[in-house]
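This is what each chain is made of:
Protein chains: 2
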Amino acid sequence: MKKYAFGVDIGGTTVKIGLFDREGAILDKWEIPTNKENHAEKVLPDIASSLISKLAEKEIAREDIEGIGVGSPGSITADGYLRSAVNIGWEELDLTGELTRLTGFPTKASNDANVAAFGEMWMGAGKGCDNILMVTLGTGVGGGVIVNGEILSGATGSGGEIGHIHVEDNENEPCNCKNCGCLEQYGSATGIARLARKRLAKDNEKSSLRDIEPDKLSAKDVFDALKAGDKLAREVGEQFADYLGKGLGIIASVTDPERIVIGGGVSRAGEIIIELVEPKYRKYAYPPCGKAQVVLATLGNDAGIYGAAGLILRKTK
Amino acid sequence: MKKYAFGVDIGGTTVKIGLFDREGAILDKWEIPTNKENHAEKVLPDIASSLISKLAEKEIAREDIEGIGVGSPGSITADGYLRSAVNIGWEELDLTGELTRLTGFPTKASNDANVAAFGEMWMGAGKGCDNILMVTLGTGVGGGVIVNGEILSGATGSGGEIGHIHVEDNENEPCNCKNCGCLEQYGSATGIARLARKRLAKDNEKSSLRDIEPDKLSAKDVFDALKAGDKLAREVGEQFADYLGKGLGIIASVTDPERIVIGGGVSRAGEIIIELVEPKYRKYAYPPCGKAQVVLATLGNDAGIYGAAGLILRKTK
Numbered sequence: 000m001k002k003y004a005f006g007v008d009i010g011g012t013t014v015k016i017g018l019f020d021r022e023g024a025i026l027d028k029w030e031i032p033t034n035k036e037n038h039a040e041k042v043l044p045d046i047a048s049s050l051i052s053k054l055a056e057k058e059i060a061r062e063d064i065e066g067i068g069v070g071s072p073g074s075i076t077a078d079g080y081l082r083s084a085v086n087i088g089w090e091e092l093d094l095t096g097e098l099t100r101l102t103g104f105p106t107k108a109s110n111d112a113n114v115a116a117f118g119e120m121w122m123g124a125g126k127g128c129d130n131i132l133m134v135t136l137g138t139g140v141g142g143g144v145i146v147n148g149e150i151l152s153g154a155t156g157s158g159g160e161i162g163h164i165h166v167e168d169n170e171n172e173p174c175n176c177k178n179c180g181c182l183e184q185y186g187s188a189t190g191i192a193r194l195a196r197k198r199l200a201k202d203n204e205k206s207s208l209r210d211i212e213p214d215k216l217s218a219k220d221v222f223d224a225l226k227a228g229d230k231l232a233r234e235v236g237e238q239f240a241d242y243l244g245k246g247l248g249i250i251a252s253v254t255d256p257e258r259i260v261i262g263g264g265v266s267r268a269g270e271i272i273i274e275l276v277e278p279k280y281r282k283y284a285y286p287p288c289g290k291a292q293v294v295l296a297t298l299g300n301d302a303g304i305y306g307a308a309g310l311i312l313r314k315t316k
Numbered sequence: 000m001k002k003y004a005f006g007v008d009i010g011g012t013t014v015k016i017g018l019f020d021r022e023g024a025i026l027d028k029w030e031i032p033t034n035k036e037n038h039a040e041k042v043l044p045d046i047a048s049s050l051i052s053k054l055a056e057k058e059i060a061r062e063d064i065e066g067i068g069v070g071s072p073g074s075i076t077a078d079g080y081l082r083s084a085v086n087i088g089w090e091e092l093d094l095t096g097e098l099t100r101l102t103g104f105p106t107k108a109s110n111d112a113n114v115a116a117f118g119e120m121w122m123g124a125g126k127g128c129d130n131i132l133m134v135t136l137g138t139g140v141g142g143g144v145i146v147n148g149e150i151l152s153g154a155t156g157s158g159g160e161i162g163h164i165h166v167e168d169n170e171n172e173p174c175n176c177k178n179c180g181c182l183e184q185y186g187s188a189t190g191i192a193r194l195a196r197k198r199l200a201k202d203n204e205k206s207s208l209r210d211i212e213p214d215k216l217s218a219k220d221v222f223d224a225l226k227a228g229d230k231l232a233r234e235v236g237e238q239f240a241d242y243l244g245k246g247l248g249i250i251a252s253v254t255d256p257e258r259i260v261i262g263g264g265v266s267r268a269g270e271i272i273i274e275l276v277e278p279k280y281r282k283y284a285y286p287p288c289g290k291a292q293v294v295l296a297t298l299g300n301d302a303g304i305y306g307a308a309g310l311i312l313r314k315t316k
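Quick note, the sequences are listed as chains A and B, same order. Using my numbering, read the first sequence as starting at 0 and increasing by one per residue. Using my numbering, read the second sequence as starting at 0 and increasing by one per residue.
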């Protein structure tokens, strides 16, 4: 194993990059803009020149670089081929091959949510476990499944899409994916706000959430009110937890994780998320698969660069 | 790779054994009884002596055996350690280590349902695919997930338990696992008969199923009547398919299989199962994960010995 590796996390606005030593310590991190013009044709060349400049700046020899790990939006198969990344503008791109041609370094890549899960397993809340289930509660619900220390990418690179499992039969509004009743419709920040608006509209029960304009109501408002003792907000929190616990219970019954990691903006509400969700997960899971620890993610926005570097640096058994 | 391998499928009443050549052709197969006395202490020695006798009978040299693959009921981790197999009477058993000590051959083992899925991927309906989802519809609902050519065993060896995912919120009767609303309660042979009895009790609609005593009504009766044009039986079939399709759709959204294989006694009803279930799976799956082929298993009761031998013989990429 050589001395260093790069972890690259490609996002819709910026590309986050980290320089790691072989033990997984982060030596430097920085960002460059994601130039999406002309089908984002500049993104990989921009990344390549940023990496090469960093080597010059740090006076690191090319021979000391083990490789580049990349997380990117879209469907990426286990061999690092990108089939499609609508948000960036890419389609049918040999992402790893191209970055290797541009830099000379071996490259591995996977979907960004899966890579974040890999990062949490390697250096975050899943450290020490080979089997984890991670769910990221942001604007949407993303996730990743790590099986025996490897990312579950699936046949088309769409593995780990926890946000789009069906958890509610009685739903008429469609999800972004066009199905009805996806976990994302109840477990995301927008989903929680929607649950709250629906609950508020149901009757006139007193709640501090009524002081907020309905279309400005956020998941954070719900959890703040819940923590302050608001009964209606707790009801909404319990409803969210029932959906998320059901989804986690179902997936855990098939993937049998050692630890379940909850991350993303919604998880900033803190331990209350675990208190609410854990009993529901245990209720819904097949009993032998219902004993995983449920914990909050610890790497925050750096999970992506950690996971990307981990694709190169993590020793397999 | 040496010339031969054994595939061993341990069941509650008999142990099925196959002798395979390195290409996966089955050269001989036979059965021995499962002696469950004294915590089934004789089962592994009985298997070992049966294998050794077979070598003598066939005049095969020990040096020509690559190893032994085993499928067994219970929770077996990826390294072949059996944590518990209630049906056999085993607990905390170093199954692979013990068989190696008794025979001198390298041994690999996994849960029987997972091994059957592996067999269908290697030599059956999943041939050519590295990512499959198999569901076995028998007295219960079993299953297995193969990811990138490997069995998904999970942290405790309980991976792939498709039968116990939650698919119905409005269920009061408990499943064998004590939860309520498991796929097994609607997708198994007993589950289908139960759906039929419930439907018959609902009103007086004419149906040939009324000629059968309710407690003798079987899943086969339902599919026979459905094929003969019975409207009520079709309704029951659609209901079964909706549950199974929902379960498969949910799991496929996370594991992203290339092919979904349906096996077990219920699948003997034939192509009607695919016709009923496939559209429901496509309806419930996250669209990028909703394009897998849905096919009937082809190895029947031999899936277990094939899969077990495959643990030893299948070349990984």
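Be a bit skeptical, because a hint or two may be false.
If chains are identical, the list can't say which one is meant, so a pair holds when it fits in one copy or spans any two.
[As the list claims (entries may be wrong)] List of simulated lysine to aspartate or glutamate pairs, EDC-like, C-alpha gap at most 20 Å:
#	residue 1	residue 2
1	K2	E97
2	K197	D301
3	K290	E90
4	K314	E149
5	K314	D78
6	K35	E97
7	K230	E204
8	K2	D20
9	K282	E167
In short, the hints are calculated from the structure, not lab data. What you are looking at is a predicted structure, and each value in this text was computed from that prediction instead of being measured.
Results of checking the hints against the structure:
no., hint, verdict
1, K2 - E97, "neither (23 Å within a copy, 42 Å between copies)"
2, K197 - D301, "neither (34 Å within a copy, 53 Å between copies)"
3, K290 - E90, "between (40 Å within a copy, 19 Å between copies)"
4, K314 - E149, "both (11 Å within a copy, 19 Å between copies)"
5, K314 - D78, "both (18 Å within a copy, 18 Å between copies)"
6, K35 - E97, "within (17 Å within a copy, 59 Å between copies)"
7, K230 - E204, "within (9 Å within a copy, 47 Å between copies)"
8, K2 - D20, "within (6 Å within a copy, 46 Å between copies)"
9, K282 - E167, "both (17 Å within a copy, 14 Å between copies)"
Of the numbered hints stated above, those contradicted by the structure are hints 1, 2, listed in ascending order.
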